[in-house]
Amino acid sequence: MDCNATGSATRGENADQATLGALCRYFLRLGTLGFGGPVALVGYMQRDLVEERRWVSEREFRDGLAVAQLAPGPLAAQLAMWLAFIRTGVLGATLASFAFIGPSFVMVLAMALIYVGAGGASWIGALFYGVAPAAVAIIALSAYRLVPVTVGRDPLLAAILAVVGLVTLLTGSEIALAFLGAGLLMMVIRAGLPVLLRAIGRASRRAAPAVMGLASAGPVGQQDASLLLELGLLFAKAGAFVFGSGLAIVPFLRETLLVENQWLTEQQFVDSVAVGLITPGPVVITVAFAGYLIADLPGAVVAAVGVFTPVYLFVILPGPWIARHKDAPAVQAFVAGVSAAACGAILAVSVIIGRDAIRDATQATIALCALLALIAIRRFKPKHVTPVAEPLVIAVAAILGLAVA
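First residue of the sequence shown? That's 2 in my numbering, and the numbers climb one at a time after it.
Honestly, the hints are just simulated from the structure, not real lab data. Keep in mind that a hint or two might mislead.
Said to hold, decoys possible - What follows is a list of derived Cβ distance ranges for each label pair:
{"hint": "1", "residue 1": "T387", "residue 2": "V91", "range": "34 to 40 angstroms"}
{"hint": "2", "residue 1": "R60", "residue 2": "Y145", "range": "29 to 35 angstroms"}
{"hint": "3", "residue 1": "A396", "residue 2": "P149", "range": "25 to 31 angstroms"}
{"hint": "4", "residue 1": "R60", "residue 2": "S123", "range": "17 to 23 angstroms"}
{"hint": "5", "residue 1": "S123", "residue 2": "A362", "range": "18 to 24 angstroms"}
{"hint": "6", "residue 1": "A365", "residue 2": "T20", "range": "51 to 57 angstroms"}
{"hint": "7", "residue 1": "V91", "residue 2": "A365", "range": "46 to 52 angstroms"}
{"hint": "8", "residue 1": "L230", "residue 2": "G182", "range": "46 to 52 angstroms"}
{"hint": "9", "residue 1": "V117", "residue 2": "A396", "range": "17 to 23 angstroms"}
{"hint": "10", "residue 1": "S123", "residue 2": "V386", "range": "27 to 33 angstroms"}
In this text the structure is predicted, and so the values were computed from the model without any measurement. Cβ atoms here follow ideal geometry from the backbone N, Cα and C, with glycine treated the same way.
Using the sequences plus the hints, can you model the full thing?
Quick look at the structure:
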């Protein structure tokens with residue numbers, strides 16, 4: 002079943018070859034071998050599905066990219082869901098989601114089992130002694146590279162980034178409503194209040210099933226029996242506020258898991274983020290590691306399902322509407338405001354995490370070397386190194402940690 006969600010997009014020349022099985026096999030392979038972060042994963046999809054296989058047209062791909070950029074959710078995962086959705090409908094989007102996310106989930110789960118099982122072993126502490134500062138370097142550089150993309154030369158967006166970043170840095174926590182407020186402020190200034198009200202009315206009718214209860218989701222109690230439900234709601238709330246880069250989820254997770262509920266230590270949180278950075282597929286899968294540390298295997302499953310459910314629902318419910326209205330000033334302004342706020346929060350959290358995770362001169366040196374190595378790789382772009390830059394840097398840092406700790 003071909004579900005032409007955009008209504009006007011031209012089908013790819015070989016669209017009939019994009020069967021349910023073929024799409025699932027492709028996304029299973031991409032989820033297993035797709036290193037390099039969201040931009041690289043999007044590039045692989047364009048090369049494989051548009052240029053080589055021609056299962057998807059350029060127009061369909063651009064519409065999918067617009068949906069992935071404008072709706073909450075990690076970029077690559079949302080684009081994968083969209084491309085499967087327009088070819089094979091809801092069933093295709095569902096199965097492709099499992100195929101794309103499944104491999105990295107299994108890898109993260111295996112790492113969590115080793116991490117917990119060998120938690121008392123000195124080599125685990127030594128390993129993450131090197132990994133933690135490298136992860137901080139990756140987060141900081143990624144946030145820095147997001148600044149020109151999200152802000153450009155716009156002084157208002159720069160002000161939003163600075164204010165949200167400063168508030169996050171001073172309070173040590175992130176405020177979810179600041180993201181929505183930034184988006185609405187941009188809509189009012191750039192599109193005008195009447196346009197804002199009309200856009201909210203139209204979008205809410207389509208998106209309500211996807212986000213019902215997420216915006217107000219909070220702790221529902223500290224009883225053991227309700228822990229999984231609480232985790233599911235909190236991770237779903239986090240998934241509903243991830244715009245663009247998967248690293249946008251880091252401030253939300255730190256606030257929820259570390260500051261509010263104290264389910265993880267600072268070291269465990271940094272280690273969770275690091276594991277997400279060294280596995281293929283979406284970096285948001287780091288939630289499975291954190292979920293396992295909190296509530297074992299059920300916690301890992303609930304965390305992954307919780308964070309990706311709103312992403313999935315945003316694709317199949319308001320996704321077609323977003324594709325049709327992607328150029329509307331109100332939509333563009335809202336996403337610009339939210340993205341600038343998210344970038345400010347990521348920058349601030351990278352400073353907070355760095356302050357807590359880097360405890361001595363040796364770790365500071367590892368962080369600096371990791372940062373310089375990443376900058377050099379992005380500058381010179383060695384063919385076989387660039388796609389695995391982050392995992393490679395973390396692996397070297399882990400070896401250094403074992404050597405010196």
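Hints, verified against the model:
1. T387 / V91: 34 to 40 angstroms: Since the Cβ atoms of T387 and V91 sit about 36 angstroms apart, the hinted range of 34 to 40 angstroms holds.
2. R60 / Y145: 29 to 35 angstroms: Holds: the Cβ-Cβ distance is about 33 angstroms, inside 29 to 35 angstroms.
3. A396 / P149: 25 to 31 angstroms: 29 angstroms, holds
4. R60 / S123: 17 to 23 angstroms: 56 angstroms, violated
5. S123 / A362: 18 to 24 angstroms: 21 angstroms, holds
6. A365 / T20: 51 to 57 angstroms: Given about 52 angstroms between the Cβ atoms, the range holds.
7. V91 / A365: 46 to 52 angstroms: Cβ of V91 to Cβ of A365: about 50 angstroms, so the range 46 to 52 angstroms holds.
8. L230 / G182: 46 to 52 angstroms: The hint (46 to 52 angstroms, Cβ to Cβ) is violated, given that L230 and G182 are roughly 28 angstroms apart.
9. V117 / A396: 17 to 23 angstroms: Check passed, 21 angstroms falls within 17 to 23 angstroms.
10. S123 / V386: 27 to 33 angstroms: 31 angstroms Cβ-Cβ, so the 27 to 33 angstroms window holds.
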